[in-house]
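Engineer: Sequence:
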Amino acid sequence: MTPAGLLYNNPMAVAAIDRMIAAVDLGVDDVALDVGCGAGEVLARVLERHPCRGIGVDRDPDEIAAADRRLTRVRDRVALHATDAREFDPGSANVRLAICIGATHVYGDPGLAYRRTLETLAKTLTNGGCLLVGEGYWRRPPDPAYLASTGMGANDFLTHPANVTLAETLDLRPLAVAAASEADWDHFESCFWRAAEQTLRDTPNDDTARERAEHWRRWRRAYLQWGRETLGFGLYLLQAG
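No gaps in the numbering here: position 206 of the sequence shown is 282 in this note's numbering, and each next residue is one more.
Just so you know, these hints were derived from the structure itself, not from any lab.
Errors might be hidden in some of the hints.
The following label-pair restraints were derived from C-beta to C-beta distances [what the hints assert, rightly or not]:
hint	residue 1	residue 2	range
1	Gly229	Gly204	32 to 42 Å
2	Thr148	Arg95	17 to 27 Å
3	His181	Gly81	21 to 31 Å
4	Pro127	Arg294	43 to 53 Å
5	Gly81	Pro220	23 to 33 Å
6	Asn170	Asp219	44 to 54 Å
7	Ala80	Ser257	14 to 24 Å
8	Glu290	Pro186	18 to 28 Å
9	Asn231	Leu300	21 to 31 Å
10	Gln274	Thr202	37 to 47 Å
11	Pro280	Ser168	48 to 58 Å
No experiment lies behind these values; they were computed from the predicted model shown.
Quick reminder that beta carbons are idealized off the backbone N, C-alpha and C, glycines included.
Construct all of the structure, not just a fragment, from the sequences and the given hints.
Structural biologist: The structure is reproduced here in structure tokens:
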């Protein structure tokens, strides 16, 4: 679950996502599909901005329950599915916007997931529809010690320009891009550290809480030493057809 202090589980600034949502034109007959929708914040913002219908997909039933609560005001225009995105078929839905922000891993292992996400979601779109995809990227070549500390691989991500170029090779036209700032990242990471420490304070004898706190302490050290200047996060609005 997304920790307190975050609207959604990615480091992108709220204003950047709102600008992307405002840049698309969705009518009453259109559908916005959000894969890995989590607690439904991005999908809610789409439906509150546009008169379209929405479909949210997430394999975590707890996240879908949270999304159901968040989407109460537009509940008559949204369908939520607690299922694996790879097994979900939107059928004949007139999907004009397909969203996957920080959840490309649902389509495969790092290094392949971004491409597979673009390919898979592009097939759900009607002609002229758009993808809104959020994906990590390397700001600089990762230090081997950083990779060893986090368990990530050097081929897990491309660069920011390469993410855009890959989309173009798949006949997707970039309409807009954005990147999380270091301040955005600091806030995102800090929310996880704070949540882990608070849980440990609340349940000091819980082994799981202790292990989680230790995990985030190791991650914090790696982030501050290497990650802050190494790992980026981009948001890409791409048009098909």
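Engineer: Confirm or reject the claim that Glu290 and Pro186 have a C-beta distance inside 18 to 28 Å.
Structural biologist: holds, 23 Å
Engineer: Quick one: are Gly81 and Pro220 within 23 to 33 Å, going by C-beta?
Structural biologist: holds, 32 Å
Engineer: Please check whether Asn170 and Asp219 have a Cβ separation lying inside 44 to 54 Å.
Structural biologist: holds, 46 Å
Engineer: Using the C-beta atoms of Thr148 and Arg95, is the stated range 17 to 27 Å upheld?
Structural biologist: Because 25 Å falls inside the window, the suggested range holds.
Engineer: Does 14 to 24 Å hold as the CB distance between Ala80 and Ser257, or does it fail?
Structural biologist: Since Ala80 and Ser257 have Cβ atoms about 21 Å apart, the given range 14 to 24 Å holds.
Engineer: Taking the CB of Gln274 and the CB of Thr202, does the distance hold inside 37 to 47 Å?
Structural biologist: holds, 45 Å
Engineer: Please check whether Asn231 and Leu300 have a Cβ separation lying inside 21 to 31 Å.
Structural biologist: Because 24 Å falls inside the window, the suggested range holds.
Engineer: If you check the beta carbons of Pro280 and Ser168, does the distance land in 48 to 58 Å?
Structural biologist: holds, 54 Å
Engineer: Taking 32 to 42 Å as the stated bounds, is the beta-carbon spacing between Gly229 and Gly204 within them?
Structural biologist: Since the Cβ atoms of Gly229 and Gly204 sit about 36 Å apart, the hinted range of 32 to 42 Å holds.
Engineer: Assuming the hint says 21 to 31 Å, is it satisfied by the Cβ distance from His181 to Gly81 or not?
Structural biologist: holds, 23 Å
Engineer: Using the C-beta atoms of Pro127 and Arg294, is the stated range 43 to 53 Å upheld?
Structural biologist: For Pro127 and Arg294 the Cβ distance comes to about 47 Å; the hint holds.
Taken one by one, the earlier hints all hold for this structure without exception.
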